[in-house]
Every structure is written in structure tokens, then in C-alpha cells.
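Engineer: Single-letter residue listing:
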Amino acid sequence: MPRYYFHTENGDWIRDEQGEELRDLDAAREEAVTVLGEILRYRGAAFWTTGAFSVIVTDAEGQVVVAVKAAASDTAPETWAVANPDERPRAR
Amino acid sequence: MTAKITTLVEKLSLRDTVSPREVDALQDVLGPPKTIRAGTDIVREHTHPQHSTLLISGFSARYTTLRDGGRQITEINISGDFIDLHSLLMKQMDHGVVALTDCAVAFAPHSKLIELTERHAHLARLLWLDTIIDAAIHRQWLAAMGRRSGLGHLAHLVCELYLRLKAAGQADDLAFDLPLTQTVLGDALGLSTVHVSRLITELRGEGVVQWSGGRVEILDWHRLAEIAEFDPTYLRLQTEPV
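Protein sequence lines correspond, in order, to chains A and B. Under this note's numbering, the first residue of the first sequence is numbered 1, with each subsequent residue one higher. Under this note's numbering, the first residue of the second sequence is numbered 1, with each subsequent residue one higher.
Don't take each hint at face value.
Said to hold, decoys possible - If the Cβ cut is set under 10 Å, some of the chain B residues that face chain A in the computed set are:
1) S149
2) G150
3) L151
4) G152
5) T183
6) L191
7) S192
8) H195
9) S197
10) T201
Derived by calculation from the structure, the hints in this document are not laboratory data. The beta-carbon is built from N, C-alpha and C at its ideal position, and this holds for glycine as well.
All chains, full assembly: derive it from the sequences and hints.
Structural biologist: Structure below.
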């Protein structure tokens, strides 16, 4: 089974030196989301100080294979305005 | 007293006096020591054991597996624990027990255990207490799993294992051997190994523990217990007659 490394970034980089043997790339994706969710769960309001949290997955050769990212901000993403009529700029 | 029951008697004696007659009775129900290799099941889920197993040395874990291969460890057992005493009355195992390290065990046939409970009512109550404490440990794990922060959860496990190992005479002053992989710790905490690794780094970074090569040294017990919100009541470590 291939070995994947799950590095994390929230202001600081934390390198995963140990890695984990997983079935395939989909299992690595699943693990990446789990790691992101688990760690984010306890960040609380402090998440807004860094604003972003990423899990970057590399393979045994050090190549990035997948990444997942969560972001905190005080503004809505642009797609929100398109989907929500109340937020659209009013026509005069 | 033979070496195989030393840790069990030490643990029971902490809760109430164990008479020499009771020590002999415990000795008599147990068969010769047997070695179980790490990674092997000591008791299989759904089987009907005809004996209960005493863990003489090593670490084992009660666990439940899910269809996708996910494993949840529901208790870590240590030297002196009767790992499936409840099979005496439950009959069929609702979970498995796996050796986490090489383990030495001894079997106590159920027929002999029944006889022991009939002849030694006080000793039977002490063993009953032991299974009640197992249930108390499960309650604390459940609360930790659902509500504690990752760091609090890990700290809670360290506090618990230290006090339990100490009760069985298996820990030094604020230090103990914990030859468990981060994968095993992850399965016990319900967390990914990556997260466990970060949490250990965090505990180390705060100067609360030193943790390397399967040995844990607690540098600041007060702070560790504070992070864990640790209340040892559930381990029932005081002497009170049963």
C-alpha cells in the first residue's frame, strides 16, 4: 500500500514525518478531510486569526497529490451574491 | 504469591484488604502463564469463552470494528486487569480483545470462577467492583470522545493510564512505559494519527510531558490534569471496605 504524508498549515507549517499507509488516493483524500475537520473542530474563534487551514498530502516521493483547505473571513464568498437575490446589488 | 497475580492483588489491595486466603483462591483459579504475540486476538468477538483471561504483562485493548475497517478501541487494559471477566456472566463476547504488545496471560475457567464466587463472597465483590470500574472508564471515555477537545482527551488518557499503572505497581514516579503506536492511540481517541502526532507535539511543546521511544514522563502533573479536567473519582483509588 502506498504511503502518504499529511502536512498541515495554519500560519505555521507542520510536516508529517511519519506518514500513513493507505489503500489508494481516495483513501488519502478521505483522511485529508478527516484531519482538516478534526483539527478545525477545536480551533474555535482562534481560526479567524490565521484565517486559513490547509492539509497538503504528498506521496513517498514528496510530490503533492491532493490538498484541502478551509477559510475563515468576515465577508461572504463571491458565489453567495449570485445565489442569494437579497444580496444582489439593487437595480435603480 | 506467584508473579502472575502480583499486579492484580496490588490493584485490588488498594481498594480493600485482600486476605491471604483470598490470594490463594485467586492463585488456584488461574492456569499457567501463556504468551500471546502482539497483534493477535486474545478474545474474539461473538465467541463464548469458557474461561476469563487475566493480563499478567503487556498492553491489550477492547475494540469494536466497523465494516470499512475502522477500529475503535474502547478500553486499554494493563497488567493486573481481568480482560473479559464479564464473559463469566455475559457469555457471548460483544467485542474483541487484541494484544497491543506481546502479552503474558493466564486463564481462569468459568467453572472455577463460579466456585470462587460461592466460597469467597468478599473476593467476589472485589472482582465485581473491578468490572464496575471498567464501566466507569467507558463512561469517561464516552464523555471525552464526545465533548473534550483533542488535547484534553489525550491528556485525560495519559492521566488515566498513569494512575492505573501506578495502582498496579507498573509506573515509576510520574513516568511509565507506553509502547503504543500513534495508530493505536488514534484508535483509542477516535482521532487520526496525524492529529494524535500534532497533539503529542503540543503537549511536549507546553512542557507538560516528555514523550519519546514509548516512554512518558510527566513534567507537570498539575498542568496536565488541568488540561484534561481530570477527576480521578471514577478510578476508585481509595481504600473503603466492600
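Engineer: Run every hint past the structure and note whether it holds.
Structural biologist: Going down the list of hints, with the structure as the test:
With 10 Å as the threshold, the beta carbon of S149(B) comes within range of chain A, its nearest partner Cβ sitting at about 5 Å, so the hint holds. The closest approach between the C-beta of G150(B) and any C-beta of chain A is roughly 5 Å, which is under the 10 Å cut-off, so the hint is satisfied. The beta carbon of L151(B) comes within 7 Å of a beta carbon in chain A, closer than 10 Å, and the hint placing it at the interface holds. Interface hint status for G152(B): upheld, as the beta-carbon distance to the closest one in chain A is roughly 9 Å, under 10 Å.
Satisfaction of the interface hint for T183(B) is found here, the shortest Cβ-Cβ separation to chain A being roughly 8 Å, below the 10 Å cut-off. The criterion of a C-beta within 10 Å of any C-beta in chain A is met by L191(B), whose closest approach is roughly 6 Å, and the hint holds. For S192(B), the interface hint holds, since its Cβ comes within 10 Å of a Cβ in chain A; the closest pair sits about 5 Å apart. At about 5 Å, the closest approach between the beta carbon of H195(B) and any beta carbon in chain A falls short of 10 Å, and the interface hint on this residue holds.
Restraint check, S197(B) versus chain A: the minimum CB separation of about 6 Å is within 10 Å; hint holds. A cut of 10 Å between beta carbons decides the hint on T201(B): the least distance to chain A is about 8 Å, and the hint holds.
In this structure, none of the earlier numbered hints is contradicted; all agree with it.
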